[in-house]
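The primary structure of each chain is shown beneath.
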Amino acid sequence: MLTPMNEPIDALVIYRRGAPHPHLRAFRWNDHRYDVTATHLIHHQREGAAVHLVYSVDCNGDTYVVRLDTGRGRWTLEALDTVD
Amino acid sequence: MRRVILHVDMDSYFASVEQQVCPSLRGKPIGVTGRPTERSIVVAASREAKRYRVRTGMPVWEARKACPKIELVPGNPERYLSVTKRFIEILKEYTALLEIYSIDEAFLDVTQEEARHGGPIRMAEEIRRRFREELGECITATVGIAEGKTFAKLIGARSKPDGVGRLDPEEMAELLESTAVGDVWGIGPRITARLNRVGIRTLKELGRASERYLKSEFGVYGLHLLDVGQGRDSTPLVPYTDVPAPKSVGHSKSLPPDLRDFRLASIVLRDLCDKVARRMRRLGFMGRTVHCGFRVGSIGPHYGKQTTLDLPSDDGETFYRACLVVLDKIPVKPEQVSNVGVSVGNLVPTERTLCSLLEVDRRRERLNEAVDRIRDRYGDRSIQLGTSLLVRPIPQHVGGFFMASDDLEVG
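Line order of the protein sequences matches chains A and B.
According to my numbering, the first sequence holds residues 114 to 197 in order.
According to my numbering, the second sequence holds residues 10 to 420 in order.
No lab work stands behind these hints: they were computed from the structure.
Keep in mind that the hints are not guaranteed to be accurate.
[Stated by the list, open to error] If you want a taste of the chain A side facing chain B, the calculated C-beta under 7 Å gives, among others:
no., residue
1, 123
2, 153
3, 158
4, 162
[To be verified] Pairs of lysine to aspartate or glutamate, EDC-like flavour, derived with a Cα cap of 20 Å:
no., chain 1, residue 1, chain 2, residue 2
5, B, 37, A, 175
6, B, 338, B, 326
7, B, 94, B, 183
8, B, 94, B, 146
9, B, 94, A, 160
10, B, 213, B, 183
11, B, 284, A, 160
12, B, 37, A, 194
13, B, 94, B, 135
14, B, 169, B, 20
15, B, 59, B, 183
16, B, 37, A, 171
17, B, 78, A, 194
For glycine and all other residues, C-beta sits at the position ideal for the given N, C-alpha and C.
Whole structure, please, built from the sequences with the hints as guidance.
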């Protein structure tokens with residue numbers, strides 16, 4: 114089950130030509146780098162006029178939900194699910 | 010020319026999307042719920058949960074009894090809507106004759122296109138492959154193929170989950186014989202009970218029923234039932250480009266136990282009126298007939314009455330006042346109300362209505378415009394009525410509180 118976090122993070126992304134959204138490669142949270150090993154789902158979410166992109170990704174077996182506020186260019190770690 | 014209809018139905022949709030998002034949920038019995046309480050219901054069960062006979066609409070306590078290991082996940086309507094928009098985009102590449110039936114179902118008329126794709130079965134397989142590749146491995150669909158919508162849906166339901174089913178004309182007789190009338194799309198429990206009372210239990214028996222009887226009992230719909238019973242189905246497909254204008258706009262809400270007091274229920278009703286009005290303004294309609302309804306107690310009777318406004322309106326306050334007039338007519342106010350709802354009908358396009366010359370009405374219009382602009386920019390919850398704070402226990406982000414079919418907005 115996902116645990117809500119809501120903490121700001123730095124993200125390393127690739128903007129591929131023609132791709133509908135940036136490709137998330139890694140992010141930094143609490144001075145630690147997390148490399149994305151798989152992307153499970155990317156979906157859009159609207160907050161008024163603001164469009165957010167929500168990534169569900171895997172980093173070494175743990176699942177992280179990461180949000181990009183496309184208007185402000187801010188990345189947030191929204192939730193995580195660590196393997197026991 | 011024989012039609013080729015594809016019915017695409019996502020398997021355990023909301024639960025599959027949650028399993029796609031969170032791999033630790035995969036292979037487990039999960040139930041997507043509204044509120045995380047025992048009084049909530051399972052909105053969607055994963056296929057693993059369905060093996061324990063957990064069904065959609067089952068109360069959480071009952072689901073836990075059927076499957077003690079079930080994991081309950083709060084629903085995320087916007088996530089499902091986003092995935093729906095993506096699978097609709099994929100389907101649009103196959104035909105323009107696409108009917109978006111619900112958030113997880115669509116009909117495609119591929120009569121003209123199927124040959125180009127190597128036949129309907131190959132086409133269905135290709136669609137399913139693209140869903141897996143572009144949406145995710147957990148998000149699967151079942152495709153039913155037949156000459157009509159009713160039979161495509163029926164044969165699809167028999168091929169679930171993650172399958173393709175095709176009804177060939179020579180298999181029709183066997184299908185009619187083996188299908189109970191209640192299993193057919195559009196034949197609900199009430200019609201089933203009425204048919205069963207006169208000894209009609211299967212589609213074959215329905216096809217042998219007298220036309221006169223069916224017409225007198227069910228009106229024009231009786232003729233459709235006869236057609237289905239005889240293996241014919243000419244139900245037209247309504248393409249997404251040609252969706253008819255709404256006949257009414259409404260919202261209802263089941264109330265949590267702490268809000269079942271009649272006074273608090275009327276505050277929820279005020280909120281619902283506001284939502285109905287906002288949706289009507291977004292759709293560009295005004296309405297005159299306001300229908301207000303509520304359910305007494307948790308399983309009590311449902312009361313509903315309507316009133317007609319002097320002039321069409323798209324203002325929440327006006328609808329609420331009309332509801333109060335309706336509620337005032339009830340001689341004895343119930344102590345407990347478990348569900349309230351409001352719907353507005355008799356709709357006319359806003360551009361065909363007359364502008365009020367009264368300053369009080371013009372101010373109200375300007376206020377609604379300003380509120381709409383704020384909500385469009387900052388979200389529906391950015392500005393609310395003060396009274397809404399009294400009914401905060403209703404979590405507005407789950408349970409479909411603000412979702413409506415027009416939220417799909419695929420153009």
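Compare the distance between the alpha carbons of residue 94 of chain B and residue 160 of chain A with 20 Å, and conclude whether the hinted pair is satisfied. Between residue 94 of chain B and residue 160 of chain A the Cα gap is close to 17 Å, so the pair holds against 20 Å.
Taking 20 Å as the top limit, are the C-alpha atoms of residue 94 of chain B and residue 146 of chain B close enough? Judged against 20 Å, a Cα distance of about 17 Å means the pair holds.
Given pair status - residue 20 of chain B, residue 169 of chain B, alpha carbons within 20 Å: 7 Å, holds
Taking only the CA atoms, is the gap from residue 338 of chain B to residue 326 of chain B under or equal to 20 Å? The given pair, whose Cα atoms are some 19 Å apart, holds under the 20 Å limit.
Would you check the hint for residue 78 of chain B and residue 194 of chain A, treating anything up to 20 Å between C-alpha atoms as holding? Within the cut-off at roughly 19 Å; holds.
For a C-alpha distance cap of 20 Å, please report whether residue 284 of chain B and residue 160 of chain A respect it. 17 Å, holds
Does residue 175 of chain A sit within 20 Å of residue 37 of chain B, going by the straight-line distance between their CA atoms? Holds. Residue 37 of chain B to residue 175 of chain A sits at ~17 Å (cutoff 20 Å).
Given residue 153 of chain A was flagged as interface, is its beta-carbon under 7 Å from a beta-carbon of chain B? OK, holds: residue 153 of chain A within 7 Å of chain B, min 6 Å.
May I ask you to test the interface hint for residue 162 of chain A with respect to chain B, counting a Cβ-Cβ separation under 7 Å as satisfied? 5 Å, holds
For the restraint on residue 158 of chain A, tell me whether the closest CB of chain B is nearer than 7 Å. 5 Å, holds
Hey, residue 59 of chain B versus residue 183 of chain B, does the alpha-carbon distance stay inside 20 Å? Given that 20 Å is the threshold and the Cα spacing comes to 28 Å, the pair is violated.
Interface restraint verdict for residue 123 of chain A against chain B (beta-carbon cut-off 7 Å): Result: violated, 23 Å to nearest chain B Cβ.
When held up to the earlier numbered hints, the structure conflicts with 1, 7 and 15 and fits the remainder.
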